[in-house]
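Below, each chain spelled out in residue letters.
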Amino acid sequence: MSTSAEFIWDHIMLKVSGIHSYYGRAHILSEISLEVGRGEILALLGRNGAGKSTTMKSIIGLVPPAKGTIEFLGENIQGMPPFMIARKGLGYVPEDRRIFAALSILENLEVGRQPERQGAPYWTLERLFDLFPNLAELRDRPGGHISGGEQQMLTIARTLMGNPSAILLDEPSEGLAPVIVEKMIETIMTLKSEGLSVILSEQNLSFASYVADRATIIEKGQIRYEGTIDELQKNPDVRNAYLSV
Amino acid sequence: MGFYIVQFLTGLSSASALFLVASGLSIIFGVTRIVNFTHGSFYMLGAFIAYSLVGVLDGFFGFWISVILSAMAVGLIAVLMEMLILRRIYQAPELFQLVATFGPILIIQDLALDIWGPEDLFGASAPGMDGAITIMGTPMPEYDLALIALSAVVLGGLWLLFNKTRWGTLVRAATEDRDMISALGVNQKWLFTGVFFLGSFLAALGGAAQVPKGGASLIMDFEILAPIFVVVVIGGMGSIPGAFMAALLISELNVFGILVWPESTLVLMFLVMAVVLILRPWGLFGKPEAPGQHGQVGAPEQPYRPLSRKANTLFAAVLGLLLVLPVFASDFSLVLVMDMVVLSLFAASIHFLMGPGGMVSFGHAAYFGGGAYAVALITSHFELPMEVAFFMGPLGACALALLFGWFCVRRSGVYLAMLTLAFAQVAWSVVFQWGELTGGDDGIIGIWPSPWLGSKAAYYYFTLFFGVGGIMVLRRTLFTPFGYAMRACRDSALRSASIGIDVNRQQWLAFAFSGALAGLAGSLFVYSKGSIFPDEMSLARSFDGLIMVLLGGVKTLAGPVAGASAFTWLDDVISRLDYWRVILGSLIILIVLAFPQGIAGFFRERFGVWFGQETDT
Ligand SMILES: Nc1ncnc2c1ncn2[C@@H]1O[C@H](COP(=O)(O)OP(=O)(O)O)[C@@H](O)[C@H]1O
Ligand SMILES: [Mg+2]
Numbered sequence: 000m001s002t003s004a005e006f007i008w009d010h011i012m013l014k015v016s017g018i019h020s021y022y023g024r025a026h027i028l029s030e031i032s033l034e035v036g037r038g039e040i041l042a043l044l045g046r047n048g049a050g051k052s053t054t055m056k057s058i059i060g061l062v063p064p065a066k067g068t069i070e071f072l073g074e075n076i077q078g079m080p081p082f083m084i085a086r087k088g089l090g091y092v093p094e095d096r097r098i099f100a101a102l103s104i105l106e107n108l109e110v111g112r113q114p115e116r117q118g119a120p121y122w123t124l125e126r127l128f129d130l131f132p133n134l135a136e137l138r139d140r141p142g143g144h145i146s147g148g149e150q151q152m153l154t155i156a157r158t159l160m161g162n163p164s165a166i167l168l169d170e171p172s173e174g175l176a177p178v179i180v181e182k183m184i185e186t187i188m189t190l191k192s193e194g195l196s197v198i199l200s201e202q203n204l205s206f207a208s209y210v211a212d213r214a215t216i217i218e219k220g221q222i223r224y225e226g227t228i229d230e231l232q233k234n235p236d237v238r239n240a241y242l243s244v
Numbered sequence: 000m001g002f003y004i005v006q007f008l009t010g011l012s013s014a015s016a017l018f019l020v021a022s023g024l025s026i027i028f029g030v031t032r033i034v035n036f037t038h039g040s041f042y043m044l045g046a047f048i049a050y051s052l053v054g055v056l057d058g059f060f061g062f063w064i065s066v067i068l069s070a071m072a073v074g075l076i077a078v079l080m081e082m083l084i085l086r087r088i089y090q091a092p093e094l095f096q097l098v099a100t101f102g103p104i105l106i107i108q109d110l111a112l113d114i115w116g117p118e119d120l121f122g123a124s125a126p127g128m129d130g131a132i133t134i135m136g137t138p139m140p141e142y143d144l145a146l147i148a149l150s151a152v153v154l155g156g157l158w159l160l161f162n163k164t165r166w167g168t169l170v171r172a173a174t175e176d177r178d179m180i181s182a183l184g185v186n187q188k189w190l191f192t193g194v195f196f197l198g199s200f201l202a203a204l205g206g207a208a209q210v211p212k213g214g215a216s217l218i219m220d221f222e223i224l225a226p227i228f229v230v231v232v233i234g235g236m237g238s239i240p241g242a243f244m245a246a247l248l249i250s251e252l253n254v255f256g257i258l259v260w261p262e263s264t265l266v267l268m269f270l271v272m273a274v275v276l277i278l279r280p281w282g283l284f285g286k287p288e289a290p291g292q293h294g295q296v297g298a299p300e301q302p303y304r305p306l307s308r309k310a311n312t313l314f315a316a317v318l319g320l321l322l323v324l325p326v327f328a329s330d331f332s333l334v335l336v337m338d339m340v341v342l343s344l345f346a347a348s349i350h351f352l353m354g355p356g357g358m359v360s361f362g363h364a365a366y367f368g369g370g371a372y373a374v375a376l377i378t379s380h381f382e383l384p385m386e387v388a389f390f391m392g393p394l395g396a397c398a399l400a401l402l403f404g405w406f407c408v409r410r411s412g413v414y415l416a417m418l419t420l421a422f423a424q425v426a427w428s429v430v431f432q433w434g435e436l437t438g439g440d441d442g443i444i445g446i447w448p449s450p451w452l453g454s455k456a457a458y459y460y461f462t463l464f465f466g467v468g469g470i471m472v473l474r475r476t477l478f479t480p481f482g483y484a485m486r487a488c489r490d491s492a493l494r495s496a497s498i499g500i501d502v503n504r505q506q507w508l509a510f511a512f513s514g515a516l517a518g519l520a521g522s523l524f525v526y527s528k529g530s531i532f533p534d535e536m537s538l539a540r541s542f543d544g545l546i547m548v549l550l551g552g553v554k555t556l557a558g559p560v561a562g563a564s565a566f567t568w569l570d571d572v573i574s575r576l577d578y579w580r581v582i583l584g585s586l587i588i589l590i591v592l593a594f595p596q597g598i599a600g601f602f603r604e605r606f607g608v609w610f611g612q613e614t615d616t
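Residue numbers (numbering that gives the first Met the number 0), protein chains in the order written: chain G, 0 to 244; chain W, 0 to 616.
No wet-lab data here; the hints were simulated from the structure.
One or more hints might be untrue.
Simulated crosslink set (DSSO-like; lysine-lysine; CA at most 30 Å straight-line) [stated by the list, open to error]: (1) W:LYS188 x G:LYS66; (2) G:LYS87 x W:LYS188; (3) W:LYS286 x W:LYS163; (4) W:LYS163 x G:LYS87; (5) G:LYS182 x G:LYS87; (6) G:LYS66 x G:LYS233; (7) G:LYS14 x G:LYS66; (8) W:LYS286 x W:LYS188; (9) W:LYS188 x W:LYS163; (10) W:LYS212 x W:LYS163; (11) W:LYS286 x G:LYS14; (12) G:LYS182 x G:LYS233.
So that you can see chain W by itself, here it is in the shape it has in the complex:
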């Protein structure tokens, strides 16, 4: 009996960090409508700063003062970010805001690496709470009880703040209608900044408080994102009790699941999310969104048009150049161009879903890497020839996208996006952890093309054929009935349903189609490198894809290609420098602030009329 009570309390204590961080994300989103990816970084920073501070102040009170000071310090850093970056883009489309929050992630990663070094840090135990008490014969660490008390205090404090203070009332009002509170004399700017402080403070508090248990490490930022997204989706966005219940549910399932089936934790999270989505699509405490409230990427889009003559000529010229490239280019530049083509296809598959499909995928690397792993696994376990194995990429990715997509398309907008991220993280973890099958961290190596494609030039043409072909297929699809129906669902799910389109099914198939083409890019990738590692499925990879699309511009079909090429080139140039993350992160921020319409959008605005791709108004 004592064992089960202790086990339950352990679950409760590990729910603590999850609840703190997720409720912070939820509060920020509720008011600013920004899904702040930097939230994970604030969690990580909270842990690092607390690690350093705890050594300075000693004793029981010194410890808790350090924890709170760390969280406040991070809150102030967050305020700086809000005032310098986010304030300029509150009116921008959802997606630019997202990408703007990628920039600080990279910068914080480099700074943390510089200050605290690459090694994982182990926190000292908390003074005065390093013992254990015994519950019916089973020991229970005191610090776990302290964490439970901390979440209870925060839960109660937040309830008081939101229900008993004027500031809390204003925040709740802003969650419903921010323009109206402004017309009633409330300065939104400072309310937003205050909310951003509070939310980030909670993230950092979660990070700081778990230092005695888990220490601090450089992977904490991405590691926490998937679980808090799951918590928010299960609990219902904007609901603090929802975040608490969801965090508790997941943590308890974890501690008890481990007893029955040790490898079950990820699968359990996946199952819980699946069950909740089927039974209560809006989350345990969530309310249905008004249709059309999310998912729209900015202002209504102009209809796509087939390429004009001039644009066709440009396309032909670029293709011609690519075809003769092997004659004079070095192997090194051929590899770079191949990377550009492969990533262009990957970016185009994301764009297909995000722009015309209206579904933002935060986890498309799952299909890119999934395709690559499908090829590598089939090859290494069954020794199939490349000519067959190659097609396992798109097929495998399609199957995975059919599975994940079935759940994801049940929601729209940011919820859909969070689900894609959570599922992608599950896929990544399975590959990472299931070492016997996938080689885990060591990846799978020795996957080379057949001898007839052995030379760089031959494989270059092969890549060009499938890469450019894949992009053209994506583009052509937009002008087929399938493409029309998909765009109709994006523009109005209600009206599409009323003319007989099965919206869920349409979106599901679009999701799978996009996944298949990302898998094709994965196939091309694995044979060009000869190997595949879990990194290609990671969140960082998914974010790269999103950055490419946004660099290029969401509203132009040429955007992903331009963005992927620019990104690949940029990455090649700066990844050799020290502090390349700081540089890349700052560039992303600058680009988002300066060209919210992306590279291709910028050119289209300037030269579109000349190319006959834009009407003169």
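Next comes chain G alone, as it looks inside the complex:
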């Protein structure tokens, strides 16, 4: 499922160059650079605490980087507030899901709704319910009263309501039962086939290897390795050094 390293992406969607991020005085990220092309899936790998979530929060503007640039569709978005970045078509799916517990499934989706966007797949409620049939049955249930797997689907669907052209998926397979993980792989491949770019964070290679084209490994907030998934799979030393088993 992966593509060779020589493949040249016709269009760079998101380009992160040398960002540094802090929580208060704690320096968490240094010189993080990433790039993802249209329809490409990039795995951002690293152990717990490596800085994956902070990287995503930096890109979406929740933890604005102190240094470096972030370009999305050729425009510098560094320093913009999260809502503006989201309105440019960059979706964010947080690892802790952050479902609005008191809102129904439909209302959760409504919060994510944004107008149709040129050059990005357009999601209607019907299309989303086709993709996540479970949610259709639960549409009036409060978000706090559905299972963890359903919540994970809901948080992705909620972000898709914004018709993004790229999404940041933070550890989507975490804590899911094997059947749901399979469903998640299918979902991500559907998104890819729609032309969406995805940055996917994971602690290990197993889930990422099914969907990702390339991988970047970070540890202690720094980039340690970049390459295709195939290359990474053939390199047990790197895997053992930086990833969870």
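Model the placement of chain W with the ligands on the given structure of chain G, informed by the hints.
For chain W with the ligands alone, coordinates are given in the frame of chain G:
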């Protein structure tokens, strides 16, 4: 039978204003997490503006259009305040936000005084609704029925707004997780502004609609705060049906309570709140807060350290200066310095509870004034000598704090703070209304120290001894096991409980201890002035104390002293000017915006390393 129905409907109609104002406060808090003290001022402004407008437009429709226009005008004023002040401090610690909302209260008070004058205004009756209908032989004013209809319309309208519109859905989502809605492309800024408009509009609507019944007056702003806080605590913060039910409960108890026991209204409010807190600590419709969600004053604090040598030297120098002051200072400056010392002790007692204790008291004047009244009452009724009566201050205040604190520490964060305010208001009202015992508005006069303390200088040393001593006791306590346990409870109630600390009891005792020292300040105060008036127990006094602590900085132990001294001096200078409230209010706003770390915090940041009170990082 007709009588009881009318009585019930009267309760329902007086619940109307309470519900409108409280639901506005609740909506604003839910989204912005700011307890907006200016809310009471918006209620008052709504009444004043409506008073003026109703005279311009006439007829039934003219009346209601005026009421709505007044509420919209106030909503726009509120939006101005939100955009100019609050937008800059949404990320600041809860307490700075609170104090920032004190500033506009003062400014609005002066403006209202200037525009509408000092007299209470009586509103004309509403055109077309000035009669009464008869229900089974008992007359019922038509306007009361209109107020009932108004709250029903607002209740229904809010339900539709929050459940059937996209804006309402976004507001409810923001109440749960404001960062997430931002990451989903929603501009929080305008959502907050919109919510602020709506909440303030409701406050002003409540004020405007009650003009035909109650008119407009300059004390409406503080008067409404305690009841709406009680409503919000009973109903559950953030719940509109909760606000409605609580407002109804209180109002009905009022109208029926009066029949049985005319002086009962305050006591009833107190009892209802007590019962609800015991049976349903989160309020009728409220949900438990996640532990640690509130009560934290900003980022985690650095551990306190004992004074370094240089800081000790500074302290000794200041003390030395204070000791020789009577040699060259005039009586007038001695009085000013005494005020500074007394208020420093008062501010230190608030700081003790708020900073290291993690419990914000909005009503500490109850213990300051309570202590002073304990002394004055004992002296005037039993003629005890000053040497005994003096200690009734801390003792009386401690007893009061034990009583109120028992309820308050059952909640944390803003709820605790609102409870302290509500109880303080009850205490104030009792003193104010129970004229036979307390002299009411006339206060108690002629409370002077014994002859050996008769001279200004002698009483100055006495004040210095107990004032500085009290502050040192507060400070020392932080480094005792009691102080460690108290800070542990602040930092994590769960973990403290798991190592065997009885959190409620610990906080209760800390509350009482702080109250006792506020009472000591009250004792010193009453003998220095020779008199005591209900004002010393009022909300304004409590707010002064909070402003002192925040001026000085919450995170430094020297903060309250610096803040109280600066405030006392400032107050002395500007209270003689016209428009001093506008000046003080603007200063508060400026200081909060410019130095969110307070005076002492500012110096500590600049010179702390030199004093060895701050590690170099
Ligand atoms: N809100 C926060 N405040 C301070 N430090 C944080 C915060 N969130 C994460 N960190 C720290 O930042 C580092 C990176 O965390 P994170 O980005 O969540 O890692 P990952 O997602 O790879 O597990 C960790 O050392 C973590 O302790
Ligand atoms: Mg993470």
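Results for each hint:
1. W:LYS188 x G:LYS66: holds (25 Å)
2. G:LYS87 x W:LYS188: Measuring from Cα to Cα gives roughly 18 Å; hence the hint holds.
3. W:LYS286 x W:LYS163: holds (23 Å)
4. W:LYS163 x G:LYS87: This hinted pair holds, its Cα atoms lying about 27 Å apart.
5. G:LYS182 x G:LYS87: Distance of about 28 Å is within 30 Å: holds.
6. G:LYS66 x G:LYS233: Violated, at roughly 34 Å.
7. G:LYS14 x G:LYS66: Answer holds: G:LYS14 to G:LYS66 is near 14 Å, not above 30 Å.
8. W:LYS286 x W:LYS188: holds (26 Å)
9. W:LYS188 x W:LYS163: holds (22 Å)
10. W:LYS212 x W:LYS163: violated (34 Å)
11. W:LYS286 x G:LYS14: Given that 30 Å is the threshold and the Cα spacing comes to 43 Å, the pair is violated.
12. G:LYS182 x G:LYS233: Holds, at roughly 26 Å.
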